[in-house]
Structures are given as structure tokens and as C-alpha cells.
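Chains as they are written, first to last, in this note's numbering: chain A, 2 to 463; chain B, 2 to 463; chain C, 2 to 463; chain D, 2 to 463.
No wet-lab data here; the hints were simulated from the structure. There are no misleading hints in this set.
Same chains, same names: a pair is fine if it fits in one copy or spans any two.
Computed list of lysine to aspartate or glutamate pairs in EDC-like fashion (alpha-carbon distance at most 20 Å, straight line): (1) Lys51 x Asp438; (2) Lys404 x Glu358; (3) Lys404 x Glu275; (4) Lys51 x Glu219.
Number of protein chains: 4
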Amino acid sequence: MPQRNDPVESPTAGGLDRRALDYTASIDYDRRLYTYDIAQSIAHARMLAKQGIISTNDAEGIVAGLEEIRGEIERGEFPFRQELEDVHMNIEARLREKVGEAAGRLHTGRSRNDQVATDMRLFTMDACDGAVAAVRRLQSALLDLAEANREVVIPGYTHLQRAQPVLLAHHLLAYFEMLERDAERFADCRRRGDVLPLGSGALAGVPYPVDREFLARELGFSRLADNSIDAVADRDFVVEFIAAAAACLMHLSRLAEEIVLWSSAEFGFVRLPEDFATGSSIMPQKRNPDVAELARARSGRVYGHLVAVLTVLKGLPLAYNRDLQEDKPALFDTVDTLLPTLDVFAAMLPSLRVDAERAAGAAADPSILATDLADYLVRKGLSFREAHRAVADLVRYADSQGKRLSGLALEEYRRFSPLFDDDALRLDVQAALAARDVPGGTSPRQVAAALKRARQRLASNA
Amino acid sequence: MPQRNDPVESPTAGGLDRRALDYTASIDYDRRLYTYDIAQSIAHARMLAKQGIISTNDAEGIVAGLEEIRGEIERGEFPFRQELEDVHMNIEARLREKVGEAAGRLHTGRSRNDQVATDMRLFTMDACDGAVAAVRRLQSALLDLAEANREVVIPGYTHLQRAQPVLLAHHLLAYFEMLERDAERFADCRRRGDVLPLGSGALAGVPYPVDREFLARELGFSRLADNSIDAVADRDFVVEFIAAAAACLMHLSRLAEEIVLWSSAEFGFVRLPEDFATGSSIMPQKRNPDVAELARARSGRVYGHLVAVLTVLKGLPLAYNRDLQEDKPALFDTVDTLLPTLDVFAAMLPSLRVDAERAAGAAADPSILATDLADYLVRKGLSFREAHRAVADLVRYADSQGKRLSGLALEEYRRFSPLFDDDALRLDVQAALAARDVPGGTSPRQVAAALKRARQRLASNA
Amino acid sequence: MPQRNDPVESPTAGGLDRRALDYTASIDYDRRLYTYDIAQSIAHARMLAKQGIISTNDAEGIVAGLEEIRGEIERGEFPFRQELEDVHMNIEARLREKVGEAAGRLHTGRSRNDQVATDMRLFTMDACDGAVAAVRRLQSALLDLAEANREVVIPGYTHLQRAQPVLLAHHLLAYFEMLERDAERFADCRRRGDVLPLGSGALAGVPYPVDREFLARELGFSRLADNSIDAVADRDFVVEFIAAAAACLMHLSRLAEEIVLWSSAEFGFVRLPEDFATGSSIMPQKRNPDVAELARARSGRVYGHLVAVLTVLKGLPLAYNRDLQEDKPALFDTVDTLLPTLDVFAAMLPSLRVDAERAAGAAADPSILATDLADYLVRKGLSFREAHRAVADLVRYADSQGKRLSGLALEEYRRFSPLFDDDALRLDVQAALAARDVPGGTSPRQVAAALKRARQRLASNA
Amino acid sequence: MPQRNDPVESPTAGGLDRRALDYTASIDYDRRLYTYDIAQSIAHARMLAKQGIISTNDAEGIVAGLEEIRGEIERGEFPFRQELEDVHMNIEARLREKVGEAAGRLHTGRSRNDQVATDMRLFTMDACDGAVAAVRRLQSALLDLAEANREVVIPGYTHLQRAQPVLLAHHLLAYFEMLERDAERFADCRRRGDVLPLGSGALAGVPYPVDREFLARELGFSRLADNSIDAVADRDFVVEFIAAAAACLMHLSRLAEEIVLWSSAEFGFVRLPEDFATGSSIMPQKRNPDVAELARARSGRVYGHLVAVLTVLKGLPLAYNRDLQEDKPALFDTVDTLLPTLDVFAAMLPSLRVDAERAAGAAADPSILATDLADYLVRKGLSFREAHRAVADLVRYADSQGKRLSGLALEEYRRFSPLFDDDALRLDVQAALAARDVPGGTSPRQVAAALKRARQRLASNA
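This is chain A alone, in the form it adopts within the complex:
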């Protein structure tokens, strides 16, 4: 247990009650910031020496000590101590053991407030890069699957009712588009968060001639935070990352839902191979789409983190408040949920076995061509509304007869419009597909072009 009046150990938590310490310590989770914290401290030490605020000798000792510490952490040998609260104080205390009093000079012109903000921004910028890369891998897997199944036709659905036939590739490209926006949002988040807090001190700036531009260059920031109070109080970049992740996981929850549907006995459009299907403890026949189900569920997890962080920030007066520590569990778990979900989809998609025949069978449901019948009548001169009504009545008639559209005779068609002719009965799925030859449409020509564009976009992003 920490002893009061033990200032060497912890200048901040030295006299804390054990229960208060346990409640407030963050070392269990903020230790993962160590790499950023050490990089920052190295840059800070160099800058302090460069500016003559500490001696070159001290700076060199500090840098060497910090590099040793990095090694210790990487090798799992670092003695993390709960009573030192957080990663910053753990590293500083260890540095003191290594380099003595010089360690005490490292915190010159810096506060934990700007220090942790700097670490968190570096972490988030990396997380953005990681998210974009994982999104690209999944886009690539989607493209592969689309290209491998170029000819496969499925029923397009609205309201989960069969609507119009579409190419599976066209359907998969819809997800490509969603992911494209996701990647953009992560890039926007990175760009906006790419601002150096260091030099803002506790909240007011620091009374030393620090060189913030130097720090920014060393640490890879493009700009300086323009206002020291904002710099320590702002967590927009965390909110924005989690919001982007929530949107991305929402997209994946939709894809997951479709994988669950498609691999059901009722749809049967895809089959999960054993390495991506889970068995049951009791039912020997089961091949469950657990990966998709968990991905679907984990959108909720990240929605929750978004709510958590927004709630934490609601109504907080400036500048730093300890509440901000709660940004970490939410952000870290968001990253740990998002990236594996993107990656497991990228791994799973290539293994899906598409049952083109089953899909084609479903897409051959004659009612799916009802719109085309209406459009047929429009081409013969009816207004769309009249045509729609005539076909709706025809469908209702077929239904009342217990027949499908394709089972009706031409004279039955003609009861609903004299404009129907033999060729109306020859409308088919391929014609319906080919007819939708507008930009963005599902005609094979458009889809081929879209696949090509998508491939090029990916290549240009690589």
C-alpha cells in the first residue's frame, strides 16, 4: 500500500486511500499507450535540450533510459505498479530508478494533461490508419467474391420481399461503397485529429521557450493545437473515431444479417464451410454462422461506447477533468472490436460457397418481373400509374387462381390490358437485368464497369 509522504514515488497519488487509488488508477489499460508516451518523452527531452531548458547530458540520459524502458515493456519485464496510477507516472518513476534526478527534469514544461492528450491523439491517428487499411482489405475481399461470381443472379429485396433481380456482384458492390465512405470518415478523423497538444501544459501553455514545431515534426503531427485550453479539454477525435467505427460496424451488421439469412435453409444462397461455421453442443447437424452473428451484435457494443463517451463529455466545464480518463476504455475496446471484425470478414468472405443455382431459382420467381411487365405496358403507351395498376390487378388475379405469373395464358394477361402481347410472356431475368443499363444500375455492362472502377480505386489507395 502506498505510504503517504512518499513523494518520490508518486507526486500525484502518494497519499491516496487504497480504495480511492484502486478506483482511479488506469495503469491496467492505459499501459498500452506506452509506445506513444515514450516517443513523446524522447521528443520532449530532445526539444528541452535543444532549447537549453535542460542539459544535453540530462537529455541523453533520459532518452537512453526511456529506450531501455521501452525494451522492458516490450519484453514483458516492466514492473507496472498500481500505486503509480498510470502509464506516465510508471514510466517516470522507472526512469528515476535508471537515471536519477535527471528524470525529474523531463516533466519541465509539460503536464499530464497535454501529455495524455498527445498520447491519445497519436494512438487515434494510428487507429485511423489501421482502420483504413482493414477496410481496404475487406473491400478487396468483397471485390474478389464479386468477381468470382460475376454471373450469379439473386433476387434483390426490398422489405425482405423479392423485388427485382440483381447481380450478386452488384449487391456486393453496395457494401464496397459503404466501406468507401467508412474509409473516408476514418481519414477525415485522422486529418482533424492531427494536431499537437504538447506545449499546452496543464491548460494555459507553459512558461518555457519550448519549440512546439520541433515537437510536431518529431512526432509526426501536421499542425499545432491553436489553443491550450481546448488542447487539454478536447476529445472530439475520440468521439469522431468511435462514431466512424459505429457507422462501419452498422454496415457490417447489415452484411452479417445477410450472411445469416443467406446461409439459412430457407434462402440457401451461400454455404458456410466448416472452418467458418460453428457446431452445437447438442444438435449434431448444425452449421451456425456465429462469426456473422457476433459481428452483428458487436455493432451494439460500439454504439454503447459512443454513448459512453458522449455522456462523459456532456456538460463538462473546461479544461481538463478526470472524467476524461473514461475515453480510454471506450476507445480501446472500439479499436479492439472494429479491426478484428473487419479482418474476420475479410477472412470469411473468400470461404463462402455461393449456390448459384439456388439463387437463380429464387430470382426466377415470376413475380419479380412484375415491374418489367409494367414498364412493358409503358412502352406500349400506358402511363406508368395505369400500367402499375393493370399489373397489380394481374398479380392479384394470379394469386387468386393459385398460379404464378408465368403460369397464366396470354388471354388472361389481356383481361388486364389489351396491350399485352406474346413478347410480354417472354420477359425474363436476363432481359430485366440488361434493361437496367443506367449508371449505377445492375446491368452486366454497368456492373462490369463498376467492378473495374472499384479495383482501380483500391489500387490507387494501396
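Could you slot chains B, C and D onto chain A? The hints should help.
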């Protein structure tokens, strides 16, 4: 890495791709259910033997093996294995190592679906008991603080503007009431969740003559789940627990906010002792109320879990879906957030040093008696609205003169109502307190009675 | 525009800037509280007279005036005015027009803070009653549908994979159970919220000899709020109502999802009649389950309100803050979403046409009996794990042969276990159903009993 | 009540049960899309004529009819009908009354799915523009306030404890920065959402030679949606707008909290004038910051909408589902909450009366210079950690003596470090401010430059 066709090891995840396994395995967190899982399996084995479904010999071996396993887990010696997915399969596989083929009979008439539902209900029932107990401890600390400061007067606030004087004890009792409702909600959650799923099988019930009443008695459930599909698909008890925790933490966020305010230099009503105040890495004078700040923030964390679980359940078809696995991180972290927050408040409250003088000074702000002046005029015959208007004008006048109400002369009062007399100038805080002598009011008499009632309520709950 | 110094009109918002007034006024939505506000004011006036605080004459005038006002509002003739902010001030100002100065006496011993808390509790208690009644109506519709389709068998699903056959009635009874818990939660909310705030004044109690017990009796409250500060600051009853509604809508979102699935061409278990299916503006064949889709979506709407109210309350210092006004839009819209959703389901369920043949066809999928095959082997002496493994291998073999289980010969079965005999091939859905004859199971006997119990429960609640 | 078989009236809801119609109709709220819907239909009609899909005559009639309808709606004369479900069908039906059969040709090559997506994007793009403009107005008001109070010093706070003195202008500029990011996010949302869905049909594209580029130009879109399925299923732009609004309102909730704090008796840094302060129904002295309180609370409202929309989208299979209709209440209310909040702040800020003296008094709290004392010792050669410890002990000593730092004698300082000299006692607030002369710091020089930059930024955005 798991080998395919290794059915002994895992009847469910044997052939899974490593990435899928890592994505779906829950052993890292569901292992904390072990105590419930083992208790359940022991009860199940005994019941199977009692009903003649397995032999007594097998049951005895199973029970002995499970007790050994419990010991291994408690001593940290249990070899948890990721490729066995979850706590259930880990324990079953280990049991097989201990008792051989008999282990394979334990899963007769049981599925993981009813098994995990049973574990989760047992966990939640315990969590409810734990929450009620922690709430009681905090109520007790509130009462102690209130009783120790019976005479202390503070300004009551509305809109954070001084409104009317109140006893600090009265103010603290408001939190006692909130916590009373919290305890009730946890008790309601426990009562409603106290239903045995076991015997529901995968979803349809089991084709063995199991004795569910026996199981319920052994495991401490009051009732049987009435519908096997609901039994495996329901997570209402998780939602309800987290909702109750969210409300409770909302209450604590309000108390936390007040501790932050009251310990500011501007309010100064309480002082945090060093063992509950944290220092700054840079500002030597700081005594920060970090515990209160983190508690305030952690309401957001649990709000997030509530959203997560509700989102997970939204739109799920019956019965069990793997999505339900996501109930665990949310529920476990809610418990791990709620109980320590209640406990750290119970620890911190006794250490608060109330500055009665500072509080009394604030409560002596003459404007705080404006309502009493209006009520004075009502007693002299004005309608409340006229009286309110006259005093509002008086206050506006004092303000325009740069004076406080107590600095005005009687003739100035009389400009706004001729009914003012000398005794109007003698209204004071004590009179204002004493006047509010209705049930629930802040008069010393009412508050003394309320403290007594509260103490009795606590005693009767102990 | 309101004129400053116009105290008759508004003692509270008289001098407000128009933009501030527009931003803060709540009359557009809180007017729906009028019936509670008037009932409360009548009770308050009577109590004031009974206690000699105002004259009987004044009280009679006030009561008569308020009754006139109620009539005006009911007839849509009441001149609501934005510059009077809220329903309370609108009614008070109108009362003044009718009865003159006596109106100014009505606010004696009352503040808007306890007044609005009283109105909101009355509203919420009625909303709980309304929710329970609507839940009962839907339970009744579920029972009707279950009873009308007693013999219908569907595949039970886990992970949306066919798992084991169940009776449709059993499946529907799972929703009956969920709704039973919902009704209990609304009743708990009502019971806990049934506490009179009136008499708490602004926050400290009132300096008049009010008779709170009388007020409680008049207004139908069972208990008095025990602490005046809590009474004006508490909105737990709003949180609890919305949380109960969120859980209820979550249940309905699951039922909605199933209606969407079941009415798809792929499942085809039910057919929506035209009066509950919506057409498409373009596709003549569509019969979309829009009601179910919107119900599914509206769970999100109420989840949002729950987050809104919890966020509003987070970190609010005591006692009343204007933030609390935001409880109303969230609560009102929750009621307006919940009750119609329950009612539209109760209307829609009787119209569903179940396709028993289609469902039976799906339930006849031979793989659905795999668990029963394993249980068969257990009865022949294998441990469940061995039996599970043998059947899993058998299923995998059938799959590799492109056959269904029912298409294999006995000798093929025997390759996986010599215990298989002719009777194994005769396992069928009816036998599987009948075998699950444990309490809560899907056997026809159990389901018949459950239907009877459910009907009795409903009757006893009526 | 709608009659079945009344296809002229409603091709989509003609036979709906009244309860289903009431549950699904959106005309009460989607009517506000009329201006976009009419603009879109005009562009569509012109394009159809240009492409020879309908006659020029028909197109002219349609356009003229639509313009008449626009006039009717603007004048409040349009006969909205619930049984026509939504704004699209109401306008189409009215058009038929005006131009007869030609109206039936307008829906050629268009579905409600792409139609409503187009309307919603146009609405959101305008909302983004409106949000950016409102943000700019508020930034301008912040700058005005900052410039008008250039010299005012307040205590900067961390953990709501006085930390270091800062210029009020510097503090206000922190909000300027937050708003700058908000404006960027709305602009990003607009840019990403600026994609034309029209031409996507129900989900698959349309079988007519439509000219989507023409449509985009007419309607002010920069790009075409690249994938027809995504075009009708995507609501990212709604999620992104609400997420940006949630972040913006979170910022305003922080400013609101500070206005509440600052206008309390305890802080007293600002005073609300009567036109932005609300009175109490009972306490005549009150000047409540209701505007700020409501703004603080309304962050919760928009957080709720964000949760609502994310929940709605979770797990939805492609393409259009009626669930998407729930985007509207959430989006519309977000706009109606956000813009007035920005505007009312812009109106209120100029009216705040800053009490420079009171603020300066608080900033003169000697403990606020403790960091500067530590930095003083650093300049004399101590390491920062030693200096921090020495000053912390000094502060603790002063506290134990019941004195403030400024009340200690030099020899008392020297007990804690011999490096203290006379000049240590002369450290003052102005020196502390001036010392923080790093980019982003609070020194008067830096703040003057920041004000200038901010003004320029605003000007360049105007």
C-alpha cells in the same frame, strides 16, 4: 492451433479457422461464470442419477471431478484453453481428462443454450444481492454524514441559483431516497430473473424425464421457466440489471457533481482530505476530486452498456443466437463499475470535512429569504401572486441600488407594499427552515424524524 | 411579443427576449398535461380552503373557473399563448381572467417545481395503466393465434438454422412470457412512482399548514414523497417507464423480425392480408410487411429516448434544474410510440394467415431430427458426447453424398454406430415433439397446459 | 376511411386497414420535404421529356401543376390526406387532380425509394449549410465577447479547482476552436452526402434511358450514386449529420455548464440580464439561466436521436426497408434542436455582463501561482519534480497554518527551499499570464494574435 476432426476436444469448434475461433471464443471473460457452471453441473449430474438417466456411479465421479476442477480454478491452476471456446467446454473437456467417458454423459438433457442462461441468471441474482448490499452501505454512510452534521445549513439550489435555505441533512436524505428506489429496482430485477432455464435444452425442452423442480431447489431458484424457447432467448434480466445500474449511477453522478462543486474554491462547503484528493503532475496546490469525477463519468460507461445490450437484442429472431454472447462483457463491466462506485462513495463520505461556517455564510444570502417575504405578505392578506410581484420588484430595486435585501430600510420595503412591518426585517434563515414543517419539508423537526425513519428502514433491511 | 414589466401576464417570463422565450417555452407539448394540472389545482384549492389558508369563496371560484377552463381546452377553444411559457402559467393566467385576484391565491404553498412533478407522475401512472392494458390485449391476440393454430409445427431455429421442430403455439407463447414481464415492469414502475410531490414547494417544503394526505387521497396517490428536495429533482419514474417501454419494444422488434422473415417468399410460413400489407410505388407484385418493419425500427426510437433522459439527468446538481423539462418530449413520444405499436400488433395478428403446410414442410427437414438420433443412441447406451459425435459424422457423410438423412440406408447409419436399428429410421417430427414432455417443453401436452394457464392468467388480470 | 380497390387514390396504401395506415403514414412529418420533392419532380419531368420518355406537353403540364402545388402548400391551402401516406403520394394525387393522366407518367423511371433518398439528401445538404452558417454566427458572437473583454482574467480550472490564471478571451477561444471543428464536420457530411440517388429506381436501376447527369445538375448534386442498391439503402448521411450535431451540442453543453456556473452566486463571473434570465413561480429573487440549462439538456436529446438512427439501421438487410422511414423524425428534430440552440447562444452571449472584478478576485487566489513558484525554482536550478515537491510541501504548510501562500514570510518559503528569494514573493497573475507566451498559450500577446487569426478565419469563411 485446433486440429480439424478433433471431436473429443471440442464438439463445437473443432474445425474452426483460427481467426474465427479467436473472434468467437469467450473464455477470456466467461470464465468468471465457473462457480455457477460447476454448481449447475453438479446439480444436473445428481438429478440425472436420481432420475435414472445416468448411473449413480457416473454421477459421483462427475461431481468429484467437478469439485476438483473448482479447486483448480480457485487456485489459478486450471489450464484454460482458447480453442475450447468457452467456460462450459473448458470444464467439460477437463472433466473428461479426470473421469473419462462419464464426462460425456453430463451433457445429457442439457444444451449450452439453457446452461449459459442458467449461469447468467445465477450471476445476475448474485449481482442484485451485491448491489443491494452496497447500496445499503452507502445509505448508511449518507446517514452518518447527515447525523454528524445535523445543524449545518446550506443554500438549497434550483438552477444552481440559491433558492431557499435547507439543512444539509435534508439534502443528503434526498440521496437516501434515490438509493432506496435503486435497491428496490435491484430487488425487482432479482425477483423477476429468479427463474430456472435448465431443462429447456437447445430451445424445445428435452426428451428425458428430468426433474426441473429438483434442479431449481438445488440451485436456489424459486420458479421454473415456463417456456423453453423464451428460456434460452430471454436476456431481460440483463437489460433490467443494467437499466437499474444506469439509474443508480445517474444518482451517483449527481452526488459526484455536488462534491465537485462543493469542494471548489467558490463553494467551499466541503474539503476533501488528502486520502481522497489527487494531486497534479504540475500544479503543486491541487486537491482534485478525482474519485467524484470518475464516478460522474462512469455513469456514461453504464449508459453505454445499456445501449449495447438493447441494440444486441433488437430484431433478433428466436430462439438462441450467438449475438447473445455479447450480454456478458456489458453485464460484467456494469457490475465491475457499479459496485466499486458505491463502495468508494461509502468510503469517501465519512472523510468529507464539512465547512459549516462557509455553508452558513452562503445560506445567509438575504435574497434566499425572498420567498419568505412573499409568504409574509400573504399572511398579511395579499394573494400570493401580488406578494410575489411586490417582492420581485423589491429585489429588482435592491439590485439597482447595488444593495442586498438586508441592507434596505423599512421605508424602502414599504414602497413595494405597505404591509411590510418591522418583523419583515427580522426574517432569518432559522425561521425559514422552521416554517417548512410539512411532511417531507426541511424543518429541523421533520428532518430529525426523517433521519430516524431512515435509520429504522436501514436496520429493518439489514 | 411579451412586454417587459408585464407581471400580470407572466411572473416568470415577463421580460424575456423573444428568442429566449421561444427556446424555453414548452406550451406546445406540455399542454397535454392539462387534465392533470387542473385536477391538481382543484385538489389544491380545496385543500387550501379546508386548511383555512384561502377562503371557501375563493376556492369555489377557483374550482369553477378551472372546470370552465377544462371545458375550453377539451373543446379546442382555449387561447394557448406562447409567451406564458407552459401549461401551468397559461391556465393560471386564464383563471385570472375568469375569477380575478382569487387566481393569485391558488399558487399559495405550491411551486411549479412540485406542480409539474405531480402532473408528470399522474401522467406516468396513467401511461403505466395504459401500457399494461395494451400488453394484455396483445397477449390475448397471441393466445388467439396460438389456439387457432394448435397443430401447426414449425422448425424451431437457433442461429436462424433449423434446430428442432416446435409447435407454433409454443413459439408464440414465448412472446406471451416476454409480455408478461413487460406488464410486470410497468406495474412496478407505477407502484414506485405513486408518490405525491405536492407540498414540496420549490425544494424545501412550504411554510403553510397544507394537508398532503388530503391531496394524495384526492389525486389518487398512495404515499407522500418523503423528501421535498428529492420530490422536485427526481425523474426516476420517467427513466423507469422508458426503460420498460424499451424492453417491451425490443420484444416486439423480435416478433416483427419474425413476421418479416415468415412472410418472405423463402420462409412463407405466414401471409399478410392486403389490409396489413403495403404495396410499392413501382413494383406491382409487392406485399410488404411495413407495419412490422416500422415496429422493428421504433424500438430504436425509444432506445433513443432512454438515452436522452439518462443523459439529461447525468451530473445534474439538486434540486430542480430547467434541464428536467426535457423529460417531456421523451416520455410523451415514448407513450405515443409504445401504445400504438402494441395495438397495431394486436390488430394485425388475427389477420395473419398461417401456411401450415409450408411450415410443416420446413419442419420435416430430416436434419432437424439429428438431436433425436443422438438421444436415440444415448438410450441405447452411448454417452451423449459419443452419440453427438456419431450423428455429427453421419450428417457430414450425408452431406458429402449430397443426400438428406432420410435418404440414407440403415447400413449407412450403422457405419457410424452399430446401435442404429430400424426404428432409428422411423423417428419423426411428431415423435420429436411428443418426447419433449418436460415442464416448459414443446410437447402437445405441455403446450396445451401452457395455453390454458396463459388464458387463466389473462382472465385473472382482466 | 380509405376504400379498398381505389387505386387512383393510392397505388400503395389503397386497401390498408385504418390502424395499419395510421401506424405507417408519415405525412404529418415528411410534408416538410415538399420543396425538395417538387424540385425533384420538376427536374425529373424535364429530364423525361428531354430523353423522349414522356412528351414535352406532358412535362409542361406536370411542371405547371407542381408549381401550383408548391404555391398551395406555401399558402397552407394544400389538402394533405392521411390515407395517401406520405408527401410523395399526396403530391402525385393532387397533380392528377390538376393535370389528369399525365401525372401518372411522372413516376416513370422512378421509385419512391430513390425519390425519398433524393429528398432526404437535399434536405440534409441544406441542413449542413444551415448548421455551418449558425456555427459561424456563434463563433462571431464568441469573438465579440472575447474582444470586448480582452483584459479580463479568470482562474483557469482543472477538476473545477483553480489551476492557473487565464484570459477570459483565451478561454472563449477554446469554444471557437470546438466550433471550428463542428463546422468542418458539417461540411464533410455535406460533401460526402452530395450524391444523386435518383435513377436508382426501387433498387436495381431503371429500364429507361434516363439522364442522371442532367438530374444532378438541375438539383445541385456534384456526383451520381455509383450503386443503385446502396443509393436506396444508405442513410449514412443522416447518421453523420446527427453525429456531427451531437458533438456540436456536446460542446454547447460545456459552454452552457460554464454559464450556469459563472452566473451562480458562488462564481459570479457573469450576470444574466433579465431578458435572458427566467424568474421563478415562487421565489421572487431568482434569475435562472434556463436557456443554458435547456441547451445543456438538449445535447441528450440529440444523443438519443443518434442512438435511434443507429439502432434502426443495425442489422437491416439490403436494400430499402420501411424501417428507414424512422430516419426522418430523428433528423428533423435534430435540425430543430441544433439550429435554435446555436442561434440562442449567439443571441445570449452579447448580453452577458462580465464582472471583471469578481473574476480577477478569484484569479488572485495565491494558490493559483503555485506552478509558477515551482517553475521559479526550476529556473534556479531544481529539477521540476523537486521543485514541485517543495512547493507542494509549502502549500501544505500554509494550509496547516490556515494561511494563504501570499500570507507567508520569505523565511517560511525558505524552509522548503533555500532557493526562494524576494522575487518569489512578487510573482503575480500578470507575470504568470505573460510567461505563457508559447503558441497556443494564454499570454496577452498570443491571445491577441489568436483573436486576429480567428477574425480572419471567420471573414474568409463569410
